[in-house]
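Undergrad: So the protein lines, in turn, are chains F and C.
For the first sequence, our numbering gives the first residue as 1, with consecutive numbering after it.
For the second sequence, our numbering gives the first residue as 1, with consecutive numbering after it.
For the record, the hints were derived by calculation from the structure and aren't laboratory data.
Note that beta-carbon positions come from the ideal geometry of N, C-alpha and C, so glycine has one too.
Incorrect hints may appear among the rest.
[Unchecked claim] Derived, one-sided and incomplete: chain C residues facing chain F with beta-carbon distance under 7 Å:
(1) Pro39
(2) Met41
(3) Gly53
(4) Gly102
(5) Pro103
(6) Gly104
[What the hints assert, rightly or not] As a list, the in silico DMTMM-like pairs of lysine to aspartate or glutamate whose alpha-carbon atoms are at most 20 Å apart:
(7) F:Lys42 with F:Glu56
(8) C:Lys57 with F:Asp2
(9) F:Lys100 with C:Glu52
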Amino acid sequence: EDQVTQSPEALRLQEGESSSLNCSYTVSGLRGLFWYRQDPGKGPEFLFTLYSAGEEKEKERLKATLTKKESFLHITAPKPEDSATYLCAVQALFSGGYNKLIFGAGTRLAVHP
Amino acid sequence: NAGVTQTPKFQVLKTGQSMTLQCAQDMNHNSMYWYRQDPGMGLRLIYYSASEGTTDKGEVPNGYNVSRLNKREFSLRLESAAPSQTSVYFCASSAVAEQYFGPGTRLTVT
Chain F
1 EDQVTQSPEA
11 LRLQEGESSS
21 LNCSYTVSGL
31 RGLFWYRQDP
41 GKGPEFLFTL
51 YSAGEEKEKE
61 RLKATLTKKE
71 SFLHITAPKP
81 EDSATYLCAV
91 QALFSGGYNK
101 LIFGAGTRLA
111 VHP
Chain C
1 NAGVTQTPKF
11 QVLKTGQSMT
21 LQCAQDMNHN
31 SMYWYRQDPG
41 MGLRLIYYSA
51 SEGTTDKGEV
61 PNGYNVSRLN
71 KREFSLRLES
81 AAPSQTSVYF
91 CASSAVAEQY
101 FGPGTRLTVT
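Build the full structure now, drawing on both the sequences and the hints.
TA: Put into structure tokens, the structure is as follows:
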């Protein structure tokens with residue numbers, strides 16, 4: 001069964017304390033892995049797409065990496081404004097030929113000054 | 001560009017009432033989606049529309065119907081609301097791979 005698991009569920013960091021969020025997946029026929037940021041009361045905001053093992057993408061203090069079984073979202077020297085829930089999703093081929101997204105439950109990140 | 005817009009932002013219904021959630025996108029995307037988000041669970045797909053004129057069931061379609069009115073608009077209807085449908089509903093659209101989400105509708109069914 002296609003599945004996405006994110007860990008930890010919640011993470012508390014001090015400003016400047018670097019860390020990583022994990023997204024492990026089991027899916028037949030991975031077509032892409034996506035990272036989103038979601039602020040309270042808002043819709044998910046697209047961050048990155050990764051397509052193949054070894055690929056890396058960067059945006060400001062965030063770097064996403066991909067292996068054959070998992071992805072990491074590395075946060076370097078985080079600031080309080082990085083506080084949000086980070087969602088991981090994998091794209092797989094659905095039976096009807098549609099590429100569906102399967103979402104993990106997310107990691108709630110809180111960065112304190 | 002407004003991106004993906006949803007109305008209403010909040011709604012309270014009584015069990016058995018009906019309502020329609022509206023979604024519109026101005027990015028000229030072919031595909032549109034409806035998800036629900038519940039605490040501790042990932043976003044779950046209710047229905048999707050791969051292109052104008054087509055709709056298909058997702059993971060949790062029971063109790064919902066959809067209409068792809070035109071390329072821009074995709075509505076979600078609850079015919080007889082139940083407390084289990086209390087959730088936050090998100091509409092999304094995509095051109096190829098990345099999906100772009102609206103701000104959500106918070107629905108409470110009492």
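Undergrad: A separate judgement is required for each hint: does it hold in the structure or not?
TA: Here is how each hint holds up against the structure:
1. Because the smallest distance between the Cβ of C:Pro39 and any Cβ of chain F comes to about 9 Å, over 7 Å, the interface hint for this residue is violated.
2. Checking C:Met41 against chain F by beta carbon gives a least distance of about 6 Å; that is within 7 Å, so the hint holds.
3. At its closest, the beta carbon of C:Gly53 sits 15 Å from a beta carbon of chain F; the interface hint therefore is violated under the 7 Å criterion.
4. The criterion of a C-beta within 7 Å of any C-beta in chain F is met by C:Gly102, whose closest approach is roughly 5 Å, and the hint holds.
5. At its closest, the beta carbon of C:Pro103 sits 5 Å from a beta carbon of chain F; the interface hint therefore holds under the 7 Å criterion.
6. Below 7 Å, beta-carbon pairs count as interface contacts, and C:Gly104 has one with chain F at about 5 Å; its hint therefore holds.
7. For the given pair, F:Lys42 sits about 27 Å from F:Glu56 by alpha-carbon distance, which is inconsistent with the 20 Å threshold.
8. For the given pair, C:Lys57 sits about 17 Å from F:Asp2 by alpha-carbon distance, which is consistent with the 20 Å threshold.
9. Distance restraint check for F:Lys100 and C:Glu52: the Cα-Cα separation of roughly 18 Å lies within the 20 Å cut-off, and the hinted pair is therefore satisfied.
Consistency with the previously given hints fails for numbers 1, 3 and 7, ordered from lowest to highest.
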